[in-house]
Amino acid sequence: MNFSLEVESKKKKLKIKVTVIGTGGVGKTSLIQKFTQGTFKTDYIKTIGAQLTNYKTEINGYKIELIFWDIAGQDDFHFLRPSFYKASKAAIIVYSLEENNLGERSFKHITSWYEDVKQFCGEIPVIIFANKVDLINVQSLDKTKIQNLVKKQNFLGYYITSAKTGQGLDDAFNALIKEIQR
Amino acid sequence: MAVVNYPPEGFYKDFKIGKKDFEHIILWMLNNNEDCQWSDFTQEPLSFTTSTLSKYLNLLKSKGFVENYTRGQYKITSEGRKRFHEISSTHRAEKKLNYPPVIIRRKRNYEDWILWMVYNNNYCKWSHFLEPPLAINQSSLSKKMNLLLNKELVIKENKKYRISNSGKFEYSKMLQNYDLDRQSILNEESKRIDEITKTTIKFFDDYNVDDENIQFRYLTTILKLDYDRVKSMLTNQADFEKIVLYMSINHPDQYPDYISLKEFANRYGIKQSKLEYFIDEIVESHIYPIKFFTLKPSPESIYYFQENGKLESMLRTITENHITKFTYINRLFSRAFDAFTIENAVLEEICGYLFDNALRDSFRKFLPSYINYLAYKIEVKTELKETYDKLDAIIWQNMIDIFQTRSPEDLEYQFMGQSEVNYQLDTVLLEILKPYYKEKLETQNRVCQHLIDNKEYNKALESIETTIKSYENDRDLTIVKAIVLCYLNRYEDVLVLLKNELKLPHDRDRILTLAYFLTVFSSLTIGDFSRAINLSKKIVETYPEHALSHATRGLALVYNLIYKFDDEKAKQDYGLNNIDKAIALETFSPNKALLFMLKSRVLLELNKYEESNELIDKAISIMPNQVDLYLSKSAVLMYFNEYHELLDLLDEMLEKFPKIEKDLKMKKASVYKLLGNLDAGFKIVEELLEKNPEDKELRNFKAYWYQYLNKKDKALKTLEELIESEQDNGEYYDSYGEILMNYEEYEKAVEQFQKAIKLSSSGRFIYQTYIKLGICFKELENYELAIEYLMKGKEFTNKCFCDYELKKKWLVIADIFLTEIESI
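Taken in order, these protein sequences are the chains called A and B. Take the first sequence: its letters are residues 1 to 182, numbered as in our numbering. Take the second sequence: its letters are residues 1 to 824, numbered as in our numbering.
Rather than coming from a laboratory, the hints here were simulated on the basis of the structure.
Using 35 angstroms as the maximum straight-line C-alpha spacing, the simulated DSBU-like pairs for lysine-lysine come out as follows:
1. Lys794/B with Lys15/A
2. Lys683/B with Lys145/A
3. Lys794/B with Lys118/A
4. Lys662/B with Lys807/B
5. Lys108/A with Lys691/B
6. Lys56/A with Lys808/B
7. Lys145/A with Lys712/B
8. Lys296/B with Lys262/B
9. Lys808/B with Lys164/A
10. Lys714/B with Lys755/B
11. Lys86/A with Lys755/B
12. Lys792/B with Lys86/A
13. Lys794/B with Lys41/A
14. Lys794/B with Lys571/B
15. Lys571/B with Lys56/A
16. Lys667/B with Lys164/A
17. Lys118/A with Lys667/B
18. Lys159/B with Lys107/B
19. Lys683/B with Lys86/A
20. Lys143/B with Lys503/B
21. Lys291/B with Lys224/B
22. Lys807/B with Lys164/A
23. Lys712/B with Lys118/A
24. Lys581/B with Lys41/A
25. Lys164/A with Lys564/B
26. Lys808/B with Lys118/A
27. Lys711/B with Lys145/A
Where chain B lies over chain A, by a calculated footprint (3+ residues, C-beta under 8 angstroms):
28. 49 to 61
29. 77 to 84
30. 98 to 112
Per label pair, the in silico range of CB-to-CB distance:
31. Gly157/A with Thr819/B: 29 to 37 angstroms
32. Gly166/A with Asp663/B: 40 to 48 angstroms
33. Thr144/A with Leu654/B: 38 to 46 angstroms
34. Leu52/A with Thr324/B: 56 to 64 angstroms
35. Asn692/B with Leu52/A: 36 to 44 angstroms
36. Lys469/B with Leu52/A: 52 to 60 angstroms
37. Leu52/A with Val283/B: 42 to 50 angstroms
Quick caveat, the model's predicted, so the values are computed rather than measured. In this text, a Cβ means the ideal position worked out from N, Cα and C, and glycines have one as well.
Just chain A, with the same shape it has in the complex:
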């Protein structure tokens, strides 16, 4: 995998672009917000176009600035995909665990999102966030489908998350950062 880091200055400052994608309404913006600001809004606010969020952290003497490119799931900027994905060092694909149309659709679309990542970013680490676990009965959750997909597509892994409760978020993001760091 080629994910060399850009060294911004001699003081070991790194800027890393992470693309966050997934079907509209799966909670991409909420996940980023919860992780970067610790907040969660119950109401659904649609992302218009795209949204950039910066998150600064320090690992092993490196000052790392993660720039999350939260690309709207419903966007009609098909032609902008090359620019949106360009120079991404990692990608997060989010789907919803809800047992409804959105849940089914968002899972089904993981592959096509991944196709886009491969087309425009090449082989970069991709992690799956199975979101909205707070809305389902965890006992009845069938993980086989996602496990098979992760295995098939060689994803970095998958994490069961909830933007509302924060469940799984730290683990998921830390795993991503760790991978980027490598």
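For chain A, the structure is supplied; the task is to place chain B on it using the hints.
Relative to chain A, chain B alone:
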């Protein structure tokens, strides 16, 4: 009791005290009344003293001019009448009055008599019309004189009546109704020209106007536009002459020479705002019935030319010739009309010959609206008696439809608003006003309502302006005009138009509430929230029991919630209380439906899906045939990603509104794309094209679908064909560039976007083109140009009228790339 006739004021107030004058007044009274009493002379307005009256009555009696037929009652004798005419003639002789020739006096058209008199005498007094040889009776004179004064054809100053400049025009026209010989008419006209020429020579000297072409254009204009019409608003005649000079200088024949408003204002000493205002008024034919056309080679420069001037006459001949030729040839070969071919043929012939070649682009934009104008003139010619009239009607009958969709002038503010930042409000809300004016409009101008309903707003505007000319003081018509202007996105014009309506007294509540609603609506579209909120507060305070007052307040607050003009206010009040009050007070059920729709919009903004959906359903149940309510519901479903429900809704709409099948199916295809079902979406596009194979919008849409399906060659080929068929349509170049961007061919994409901007600088998509161009430059690492175009794109996005979400998306995109460039 009989009404006593008194002589006109000038007759008795200005007289020099002397025997002849008292005699004259007494005889006038007795000549113009059957009899007179003592008191008729001693009371107001004559107020003769008893001794004076006694003295002169006795004198007149002694001469046999007056008889005292019973105590206190006096009558004129036949000798007295003779004496009266004798004195009157002496008075006339003193002033040497000119009287109309017999040919004019033969027809008892008093308006013509008066006009003749005031034109051919330095001034006239009231008495001059009462006396022989005219001897117009008091009531007719009063009626006709008032008419002429109201039309501003005659001016009254110090009890003296004089001709106005408009009156001089009218006088020339009037002469043509009489069998005067040609030379007399010309002599009359020469007099007027001499008068204007005299002032013009001075004006040219004062301002060093020595270019003969400018001088000629100035003269041809000033001879047609009379200053009197603007005198009340423009007190300085020199300013009026400067305005005419400005229009004469900036004529297409002068190109590339041009003087800007600012420069002219400074050089000639006139306020720029005044200059700008009156030019607009003249061009829009608000003051004079003479039409001026405008050419805009760049946003900063405007050239003017007059209807029936040399340029326009030649242009008309060439255009008519091509239209006729294409009509005949197309009929011969059963071909369909092609607006593009006609436009090109005209352009080929005029550019370089009639106009400088550099004006080609601006002419291309101008031509569709000009052809529409010519077609409309033919269409309103109702008489189809002669063969050539019928031929004209046949030739032009489809031109309006063919060219209306292409007319950039008609679309002038459809996409780019009048102000720097524009906010789109849902114009279906204007229908709230319909019940208040509909009935009246139907009696005065049913056609206008029909045109509004058919969304033919330019024609509706023309139609209502014609009606306004006949009912000048009808406030309802002003309101209708303002509504039509709103539909045309001419909100600045609405604010100017309604300025005076807002000052009406409070008892005019019906008109006031309508005027306030429209002013608030228009203020919001240009982002003037503070004015909107203040006015809405005032109207609620003034008419708290009026549904429209609360709807107005609700409107201001709802759109503040959406556009966050005042963030703090938006957090405190969403306007729900006012909308609820308006619903409770509203008696027209269709209006209730529209208010439910507005409330649904608030709830959508507050992310309350179910409530929002419920309210829009309620609105639909009241007005099940109102397509805008369905579209509003589709927006709610789209926002909350309810694609399956949206597909069901679109199917329902297809059944209910088959006329908009194409739009609905294109939307359906887009929903399938969002669902990831590209095949289903593409199938719809193909079906649509099968039905309408020549539809260029659909072919353009199909090119995008090839892109989604990653069929690059097919996508590009489709667009190449479209460009080939319509080489000057910027939209196809924009689409082409966009597809190239998808394949990261940025250099080629830049070329296409630049062509799109050159061809369609005010196209509905142009703000996107600028942003795309900026992104291309960013990818090509030309950051300076990238920033320039992204900023320009933002500026155009702010200025444009389009769906709020779409607008926001593009602003976000521009900002993201600007941020990225900054971090580089």
